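Asker: Residue numbers (our numbering), protein chains in the order written: chain X, 847 to 1269; chain L, 9 to 286; chain B, 907 to 1216.
Note that these hints are calculated values from the structure, not bench results. In this text the structure is predicted, and so the values were computed from the model without any measurement. Some hints could be false.
To be verified - To give a feel for the contact side, a few chain X residues facing chain B, derived at Cβ under 10 Å:
1. Gln890
2. Phe919
3. Asp945
4. Asn1024
5. Asn1035
6. Ala1084
7. Glu1086
8. Ala1100
9. Thr1112
10. Gly1234
Unchecked claim - Every beta carbon over 12 Å from chain X, so not counted as near; a handful from chain B, in silico:
11. Ala949
12. Ile984
13. Val1127
14. Val1145
15. Leu1202
We treat Cβ as the ideally placed atom computed from N, Cα and C, and that holds for glycine.
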Amino acid sequence: MNTFTRLIGTAAVALALGSGAAKAADLSFMSFTYAEEANKAIVQGVLDNFQKAEKLTVEPLGFAWGDMQKNIFLRARSKTLPDVAQLSERWLPTFASLDNLVDLNTVYGKDKLQAAFAPDALAMGNINGKQLALPLLSGSIGMVANKEVLAKAGINDVPKTVDDFKKALISVRDKVPNSVPYSMATKNNGSILIDFMVWNWVHGGRIIDDAGKVVVDSQQSRDALGFMVGLLKDRLAAPEIDRPDSRRLLAQGASAFYLDAPQTRTFLRDFSGKGQAFDANVLPMPTPVLKAGDKSVSVQWGHLLVQFAAAGKAKADDPADKFLTYIISDKVQTDLPLKMSALPVTKSARAAVADDAYLKNWSAATGDARRNEVGIWSNAADLTNIIGEEVQGALLGQKSADDAIKSMQARLTTSMEKAKKSE
Amino acid sequence: MFDLSSRQAKIVFFAALAVIGFFLFFPLYWLVISSLKANAELYRVVPTPFPTMPSLEHFIRALTAGKLPMYLMNSLITSTCSAALVTLLALYAGFSFAKYRYFGRQPVMLFMLSAQMFPFGLLLISIYPLMSELNLLDTRPGLILSYIVFALPVSTYMLYSYFTQVPDELIDAARADGASDLRIFHTIVIPISIPPIVTVFLYSFMWSWNDLLYSMTLIVSDEKRTIGPGLLLTYLNEVNSDWGGAMAASLIASAPIVAAFMFLQRYFIQGVTAGAVK
Amino acid sequence: MAVIENNVGAYPVSPHANRGGLKAGQNRIGLLLLLPAAVAFAAVILYPFLSALGLSLFEYTVEMMEPRFIGFENFYKIASDPDVWAAFWTTAIYVVLTTTGTLVAGLGWALIMNQQFAGRAVLRSLSLLPWVLPSTVSAFIWGWIFNSRYGVLNALLMELGLIDYPQAWLSTPEGAMLAVVLTKIWLSIPLFMSFFLAGLQNLDKEQIDAARVDGAGNWAVLRDHILPHLRPVLMIVVVLGVIGNLQQFDTIYALTGGGPVRATTVLSVEVYRRAFEQWDIGFASAVGVLWVAALLPPAFLYLRMLVKGN
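Using the sequences and the accompanying hints, generate a full structural model.
Answerer: Here's what the structure looks like:
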C-alpha cells in the first residue's frame, strides 16, 4: 500500500513539475551561438543590453548548430516557431518556402537596408528579390595556418600553389612527429562538402552550375578528388577529422593547416588553453592555387537572422523588429562580431573596425569569395549528404575517385530534378 | 555448480572470467583514468596506462563551467517520473491481463506487446505535433509522457507474467471476505509484488535515462535538457571535441544512479527471479 | 512486509492460475484496470503509429506546408533505392551480431557469477555498471577507445605487434560496425546476466548432484541440465535483446552517426536522418512502416508462443 501511494505521489509531482512554467518574454530568439560554451556570454550580454535599452525581454533558445535545422523544421510543423532565429547562410534556401518567413524589405524598406548594409553581407539574406534574412556577421571560409608548426617544419613562406602546399605538408609530416599536416575534413558530410568544394574550385571545377545543371563529372573535379585522396594516402591528412577536431589539432600544435571561418580564432583561444596569447600563432592565408598567378578562392560565410511572424507580416515597431534593429546598430555591430572574430555587416561598423589586424589579415587572404554553390539550393541538405558520402567513400578507399565522381553526378542529377534555386 | 577441482576446468573457468571481465571492466577503468589526465597527457599518441600526474582539472571544469548538475537533475526527474508512470500503468494492465478473462484480451495484449517493435523515430514524427497540440512541447510532462513509448509494453508483459503466478486462491479468499477487487489488488497483491515492481521500475527508468532521440527533439530549453543530449552538446559536437571533459562529466553523471543501483540491485535480481522470467 | 517479499517464491502456484480463476462477472473491473494503460497506449503509441502510417502515403518535405497525397509512390521509390535496402541489411547484421554476442557473453558471465569464489559479490555488483551509464557515456567511452589518434586500442595492438601504425577504426565499414556492436554488447551484458542469474537461482541442485554421481562432467551438466533449464529465460531474453537492438539509436548516433558513408546506418538511424536531416517525412514514414511490416508477423507469432507458454 505504501509503495503504491508513493508511486501515485511521484507521478503526480511529475506532472505538476514544469507545467507551471509559463513564460512571459516579449520575444523568443533561437540561436546556436547561445548554445556554444565559448560564445554564450557574448549573446547574453546583447540580450541584457537590449532589455535595458528597449524594456523588452528576450527568451533565448539555445540549440546546437547541428540541431538547428531540424528544430526549426519541427517548429514550423507544430506552429511554434521562434520570433527570431539565427541561421548559417547556407540554410536559408531550405527554409525559403516557409510562408511565415518575413520579407524584411516590407518592414524596413529596401533602400534603407541597402544604405545600411555592406552589399556582400546583405546579399546572403536575399532570395529571389526578397530579403528573407538580415546578416548578423560575415566573413569567408579560407585557409588557416599555425605559425609555430610552420616554423618547426622549417617553412618560411606560406605555400602559394598546390605543389608548394604539398611540399609544405610533407615537411610538416617529416619534421613534426605525430602530426596531421593538413586537417582536412574527412568526417561529417557538412564539413567534407566545404573542403571538397574549395579544392574543386582550386582545380577549376564546379559541382552545380548557375543554371542548376550538375557538372561535377569533369576532369577538373576528378583531379580535385584525386588530390584529396592522395593527401590521405601520403598521410598528409587523416581520417576521422571533423571541423572541431581540426581546431583542436591546430590549437595543440599537431596540425599546420585547415579550412575554417574567421570565427575559428575564438575556438583556438579556448582549445589551446592559452587564450589571446595564442592569437600570434593564427595565420590566415590565401588558399593555395593550382598554378602561380591564379586567383585564390574562398567560400562566402556568415550568420543570418530571420524573423517568423504570422503570414510573414511584421512592422518595424514589433518587438522582434526592434530586436533586429538593435542587433544591427553600431553598438552591437562594432562589438559582437569582433568578439566572435568575424566581420560586422553594416557599412558603418565595418568602417569602425577597419583597423582590427586579424580581420584585416583575414580579408587580405580572402581572394575570390564565392557563394556556396550547394547551399543556394532548396535541397541543400540532400545534396550535402550525397557529396559527403561520395567524397568520403573515395577518401576511405572504398571506391576510386573516378567512380565516386560518376556516382555523385548521377545522384546529384536525380536530386536536382525538383530543386529550387535561391539568389 | 561447475566442478572446478580439475586443472583443466580451472583454466577454462578463469580464462573465461579474465576475457569477459576484461571486456566489461577495462572500458570503465579507461574512463576513470582518462578523466584524471590533464590534456597534455590525455592527447598523447601512446597513452599512459595510468595518469602520471593525476589532475582534477576536468572535474573542476565540468562542475563549475557546464550545467552538468542541472542536466543530471532534469534526467533524474524525468526518468523517475516516467518510470513511476509506466510502472503504475503496467501494474493495472498486467493484473488485468493476468487475472480477468474478457473478450479480446489476448489479441489486445499481443498487439500492445508487438508495439514494442514500432520504431521510436517513426513515432516521434507524430508525437512532436501531438505534444505541440497539447502545449506540452519543451516541457517535462511532455517528455515524461513520451517516454511511455519506450517501456510500457515490456513492463506490462513482465508484470503480467508475474501476476499469472499469484495464486487465485489468495484473491478468492479475500473476495469471500467481501473485499473489492481494487482493495484486494492494493492491499494483498501489490505488497507481495515489490521485487518485480522494482524490476519494472528500473527497467523503464533505464530506457528514459538512456534516451537521446526524444529529449534531443522534444526539449529545446537548456534548463530542461537531460543528460544524454546535454553531454553530447557540451562535449562532442560541431564546435568542440573535449574528450577529457567528456570523461569527467560522464563519471559525475553516472555517480548518483550507480549509487542508487548498488542499493537496489538486490531487489532487481530478486524481481527478475520472482516474476519476469518465471 | 519484508517476510512476504522474501517468501514470494514460496507461494504454491495454483492449479487454476493459468486459467485465471476469477469469475466472469468481474470482467468489467478487469477492463477498467486496463483502461489507464490503454488510453496512454492509444495516445502516445497507437495514434502516432497510425498517423505515420497515413503519412507514408503522402509527399511531405520541408518545402511544403501541407502534405500531398501520392498513394504508394514512396514505396515505389523505396523499391528502387539501394540505400534503404542496405539499411535493412545493415540492421540485420547489427541485430544478429549484438544479440548473439550478448547472449554468449551474458550467459557466460552469469555462469561465472553463479560460481562460488572470493570477491564474487563485488564483481557481481560492479557488473551492472555498464548498463546504468547513460548511453551517451557508453558511446563516449568506446569512441575514445577506438579513437584513431589517441585511442588505447591502437596503442594496445601496436604494443602487441599486430598493427604497424594507428588504424582509423571508425573510418572503415568493418571497424565502425565492430565498434557499435561491441558498445551495444558491452552495455547489454549486465541486463542479460541478471536474467540468466535469476534463471539459475531455482536450478535443481540435487538433480545436478545426482548427475555428477552418475559421472557427468561439467560440459554434460551444462548441456543436459543448465541449458534446458534456462530455455524459458532464453526465450524472453532473445525477445528483449532483439527489440532493444532493433531500436538502438543512441549509441550508434553518438558514436558514428551512421557512417562512415553509410556503413552503420541501421533502420533507426535511416528513419531519423530521412525525417530530421533531409526532412522527407513521407519517405521516412514509409521506411518505418515497411520496417514494422517486416517485423510484425514474426514478432506476433513469437509473442503468442511466449504468452501461451505462460
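Asker: Each hint should be assessed against the structure and marked as holding or not.
Answerer: Cross-check of the supplied hints:
no., hint, result
1, Gln890, "26 Å, violated"
2, Phe919, "5 Å, holds"
3, Asp945, "6 Å, holds"
4, Asn1024, "8 Å, holds"
5, Asn1035, "8 Å, holds"
6, Ala1084, "7 Å, holds"
7, Glu1086, "5 Å, holds"
8, Ala1100, "8 Å, holds"
9, Thr1112, "24 Å, violated"
10, Gly1234, "9 Å, holds"
11, Ala949, "14 Å, holds"
12, Ile984, "15 Å, holds"
13, Val1127, "40 Å, holds"
14, Val1145, "26 Å, holds"
15, Leu1202, "27 Å, holds"
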